[in-house]
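Asks: These are the residues of each chain, in order.
2 protein chains.
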Amino acid sequence: MVEVELSRIVIDETSDEQVIVLKEKNGRRSFPIVIGIFEALAINRVISERKMPRPLTHELLVSVLHAFGAKLTRCLVSDLRNNTYYAILTLQRDGKTYEVDARPSDAVTLALHEKAAIFVEDSVMDSVAREEGEAL
Amino acid sequence: MVEVELSRIVIDETSDEQVIVLKEKNGRRSFPIVIGIFEALAINRVISERKMPRPLTHELLVSVLHAFGAKLTRCLVSDLRNNTYYAILTLQRDGKTYEVDARPSDAVTLALHEKAAIFVEDSVMDSVAREEGEAL
Numbered sequence: 001m002v003e004v005e006l007s008r009i010v011i012d013e014t015s016d017e018q019v020i021v022l023k024e025k026n027g028r029r030s031f032p033i034v035i036g037i038f039e040a041l042a043i044n045r046v047i048s049e050r051k052m053p054r055p056l057t058h059e060l061l062v063s064v065l066h067a068f069g070a071k072l073t074r075c076l077v078s079d080l081r082n083n084t085y086y087a088i089l090t091l092q093r094d095g096k097t098y099e100v101d102a103r104p105s106d107a108v109t110l111a112l113h114e115k116a117a118i119f120v121e122d123s124v125m126d127s128v129a130r131e132e133g134e135a136l
Numbered sequence: 001m002v003e004v005e006l007s008r009i010v011i012d013e014t015s016d017e018q019v020i021v022l023k024e025k026n027g028r029r030s031f032p033i034v035i036g037i038f039e040a041l042a043i044n045r046v047i048s049e050r051k052m053p054r055p056l057t058h059e060l061l062v063s064v065l066h067a068f069g070a071k072l073t074r075c076l077v078s079d080l081r082n083n084t085y086y087a088i089l090t091l092q093r094d095g096k097t098y099e100v101d102a103r104p105s106d107a108v109t110l111a112l113h114e115k116a117a118i119f120v121e122d123s124v125m126d127s128v129a130r131e132e133g134e135a136l
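If you read the sequences in order, they're chains A and B. Okay, so the first sequence: first residue is 1 according to this note's numbering, each after it adds one. Okay, so the second sequence: first residue is 1 according to this note's numbering, each after it adds one.
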């Protein structure tokens with residue numbers, strides 16, 4: 001597993017496909033994930049720390065975690081199959097660990113929200129990542 | 001508290017404001033709530049039982065509830081202040097009850113998803129509901 005961070009988000013409201021770029025924390029490799037516009041706007045809201053008057057859906061999810069005394073400890077981009085990235089949320093509560101299947105966009109939104117670490121499985125990183133400066 | 005059901009959803013993709021109508025289960029009163037387009041599409045997906053290949057954000061929230069062995073038992077439209085409706089999700093886990101603040105659109109989406117009952121506080125119902133056939 002390689003720890004990454006969100007290094008870029010490209011939002012083009014005229015397009016159906018938005019892009020986030022995840023970059024190695026201790027390295028130069030990065031790769032893009034195509035996400036939807038709603039998902040990109042949700043991530044952008046977390047980054048820009050724009051406080052909404054009412055809880056949006058990700059904030060509701062965070063409220064539910066907090067209500068149960070649970071914590072999001074990690075989000076892992078675990079797989080890439082048929083051009084679709086998969087992610088796994090790791091939640092902890094009362095010393096127990098729970099893993100939940102998620103889209104990378106939700107996983108990244110929640111990780112940024114909760115300041116949880118974002119990881120990418122080595123096999124995924126090795127198959128898609130490029131060094132900075134390399135053509136994608 | 002009055003039990004209601006979703007009686008109508010009006011989606012106009014050219015408008016920023018979509019409408020859901022909640023109607024008394026054992027009566028003729030109903031009232032509209034204005035919601036956003038993303039929220040209306042999420043509700044519409046649940047109603048039409050359109051199965052998405054990957055979990056969308058509400059489905060992720062439901063997965064988290066299931067992972068914890070928790071159940072959504074009720075959604076309550078609890079208040080109306082400054083033209084904004086408030087809702088409360090009631091969750092149960094291990095015999096304990098948790099209440100979480102939510103937007104009505106998220107609350108209704110989750111209630112439909114989990115086949116939980118939807119209620120409206122009497123004070124809200126009395127202030128906004130109209131009998132069917134009455135002008136809004």
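If you are wondering where the hints come from, they were derived from the structure by calculation, not from laboratory data. Misleading hints may appear alongside valid ones.
One copy or any two copies: either way a pair holds, since identical chains are not told apart in the list.
[Claimed, not checked] Taking lysine to aspartate or glutamate pairs in the EDC-like style, the calculated list, with each CA pair at most 20 Å apart, reads:
| id | residue 1 | residue 2 |
| --- | --- | --- |
| 1 | 71 | 101 |
| 2 | 51 | 101 |
| 3 | 96 | 49 |
| 4 | 71 | 94 |
| 5 | 71 | 132 |
| 6 | 115 | 132 |
| 7 | 71 | 99 |
| 8 | 51 | 132 |
| 9 | 23 | 99 |
Asks: Please go over all the hints and tell whether each is borne out by the structure.
Replies: Each hint, compared with the structure:
1. 71 <-> 101: Both: 16 Å inside a chain and 18 Å across chains, each within 20 Å.
2. 51 <-> 101: between (27 Å within a copy, 16 Å between copies)
3. 96 <-> 49: Neither way: residue 96 and residue 49 sit 30 Å apart in one copy and 33 Å across, limit 20 Å.
4. 71 <-> 94: The answer is both: 10 Å in one copy and 18 Å across copies each meet 20 Å.
5. 71 <-> 132: neither (33 Å within a copy, 46 Å between copies)
6. 115 <-> 132: neither (25 Å within a copy, 49 Å between copies)
7. 71 <-> 99: both (12 Å within a copy, 18 Å between copies)
8. 51 <-> 132: neither (33 Å within a copy, 38 Å between copies)
9. 23 <-> 99: For residue 23 and residue 99, neither the intra-copy (23 Å) nor the inter-copy (38 Å) Cα distance is at most 20 Å.
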